[in-house]
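Chains as they are written, first to last, in my numbering: chain A, 1 to 116; chain B, 1 to 113.
The set of hints was computed from the structure by calculation and includes no laboratory data.
Glycine included, C-beta positions come from ideal geometry on N, C-alpha and C.
Don't take every hint at face value.
Some, not all, of what chain B presents toward chain A, calculated at C-beta under 10 Å [to be verified]:
1) Tyr25
2) Gly43
3) Leu44
4) Gln45
5) Lys49
6) Gly62
7) Glu64
8) Ser84
9) Glu88
10) Phe101
11) Ser108
12) Thr110
13) Pro113
Restraint-style ranges between C-beta atoms, simulated for each label pair [as the list claims (entries may be wrong)]:
14) A:Asp65 / B:Pro113: 12 to 20 Å
15) B:Ser84 / A:Ala2: 35 to 43 Å
16) B:His10 / A:Ser99: 33 to 41 Å
17) B:Thr77 / A:Thr17: 24 to 32 Å
18) B:Lys58 / A:Arg10: 46 to 54 Å
19) B:Gln100 / A:Thr82: 21 to 29 Å
20) A:Leu26 / B:Gln100: 40 to 48 Å
21) B:Pro113 / A:Asn70: 46 to 54 Å
22) A:Ala2 / B:Lys69: 44 to 52 Å
23) B:Thr77 / A:Lys14: 41 to 49 Å
24) A:Arg10 / B:Leu56: 33 to 41 Å
25) A:Glu87 / B:Ala54: 26 to 34 Å
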Amino acid sequence: GAVVSQHPSRVICKSGTSVKIECRSLDFQATTMFWYRQFPKQSLMLMATSNEGSKATYEQGVEKDKFLINHASLTLSTLTVTSAHPEDSSFYICSASESRSDSPLHFGNGTRLTVT
Amino acid sequence: AQSVTQLGSHVSVSEGALVLLRCNYSSSVPPYLFWYVQYPNQGLQLLLKYTSAATLVKGINGFEAEFKKSETSFHLTKPSAHMSDAAEYFCAVSEGTGNQFYFGTGTSLTVIP
């Protein structure tokens, strides 16, 4: 089945630094990838939709200059949290779908970001 | 516009008992419906999906769900709960176009030994 690989699984960084999270579709091409943020005991919050070769579409309230998304190829999207602060600590999950209209979303295993 | 409602943020069942997790949706077009399971500190894993074929869909780990258009429901069931079923479950709907997904708020399943 379709596999999405997300790295790193955990990262701890100091306030003010930047962190890059990678999301790769291993055995399929993903023209669209989605980035979610999840707070403890809550559902997924869509942050942005990443389209290969074009600018990401951010959801309302998500700072595009803080959460930089790059989707340079059909198998790789990256999320960079710039100048991270403790309030950015969260669980970030990427997902991707194949081109078929009935394709489910395939999720990475998530990245636990802790900003100290 | 689409939306998903999961009734019951927490469900507890005894080991061996029936599991029933409720999901209702709204969609202006025939939807694609999905159930996902999330274990702690992991991503979401697809349990099953409905894509306009058979209304009773069988998934992994013994789960199944029935699409009922008249009730706009897609409830998830399992005849006999296992301890390993304890997790967070999310229902999702998509209209297919652009693959935008909408998730419910999730149901936390606890299995009591």
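Now for the hints, and whether the structure bears them out:
With a least beta-carbon distance of about 15 Å to chain A, the hint placing B:Tyr25 at the interface is violated under the 10 Å criterion. A least Cβ separation of about 4 Å between B:Gly43 and chain A falls short of the 10 Å threshold, and the interface hint therefore holds. The interface hint given for B:Leu44 holds, since its Cβ lies 4 Å from the closest Cβ of chain A, which is under the 10 Å cut-off. Here the hint on B:Gln45 is kept, as its CB sits about 7 Å from the closest CB of chain A, short of 10 Å.
Taken as an interface hint, B:Lys49 checks out: its beta carbon lies about 5 Å from the nearest beta carbon of chain A, inside 10 Å. Interface hint status for B:Gly62: violated, as the beta-carbon distance to the closest one in chain A is roughly 18 Å, over 10 Å. Hint status for B:Glu64 relative to chain A: violated, with the closest Cβ pair at about 16 Å, above 10 Å. Interface restraint check for B:Ser84: the shortest CB-CB distance to chain A comes to about 18 Å, outside 10 Å, so the restraint is violated.
Taken as an interface hint, B:Glu88 checks out: its beta carbon lies about 8 Å from the nearest beta carbon of chain A, inside 10 Å. The closest approach between the C-beta of B:Phe101 and any C-beta of chain A is roughly 6 Å, which is under the 10 Å cut-off, so the hint is satisfied. For B:Ser108, the interface hint holds, since its Cβ comes within 10 Å of a Cβ in chain A; the closest pair sits about 7 Å apart. Contact between B:Thr110 and chain A, as hinted, is not supported at the beta carbon level, the nearest pair being about 13 Å apart and thus beyond 10 Å.
Taken as an interface hint, B:Pro113 does not check out: its beta carbon lies about 23 Å from the nearest beta carbon of chain A, beyond 10 Å. Distance hint check: the CB atoms of A:Asp65 and B:Pro113 are about 50 Å apart, inconsistent with the given range 12 to 20 Å. Roughly 23 Å separates the CB atoms of B:Ser84 and A:Ala2, a value that falls outside the hinted 35 to 43 Å. Taking the beta carbon of each, B:His10 and A:Ser99 are about 37 Å apart, inside 33 to 41 Å as hinted.
Checked against the given bound of 24 to 32 Å, the beta carbons of B:Thr77 and A:Thr17, roughly 47 Å apart, lie outside it. B:Lys58 and A:Arg10 have their C-beta atoms about 35 Å apart, which leaves the hinted 46 to 54 Å range violated. Between B:Gln100 and A:Thr82 the CB atoms are about 26 Å apart, so this pair conforms to the stated range of 21 to 29 Å. Distance hint check for A:Leu26 and B:Gln100: the Cβ-Cβ separation is about 23 Å, which falls outside the suggested range of 40 to 48 Å.
In this structure the supplied range 46 to 54 Å holds for B:Pro113 paired with A:Asn70, their Cβ-Cβ distance being about 47 Å. Between A:Ala2 and B:Lys69 the Cβ separation comes to about 28 Å, which falls outside the hinted range of 44 to 52 Å. Taken as a hint, the range 41 to 49 Å holds for the pair B:Thr77 and A:Lys14, whose Cβ atoms sit roughly 47 Å apart. With their beta carbons about 39 Å apart, A:Arg10 and B:Leu56 fall inside the hinted range of 33 to 41 Å.
Between A:Glu87 and B:Ala54 the C-beta distance comes to about 46 Å, which lies outside the given range of 26 to 34 Å.
Consistency note: the structure conflicts with the earlier hints numbered 1, 6, 7, 8, 12, 13, 14, 15, 17, 18, 20, 22 and 25.
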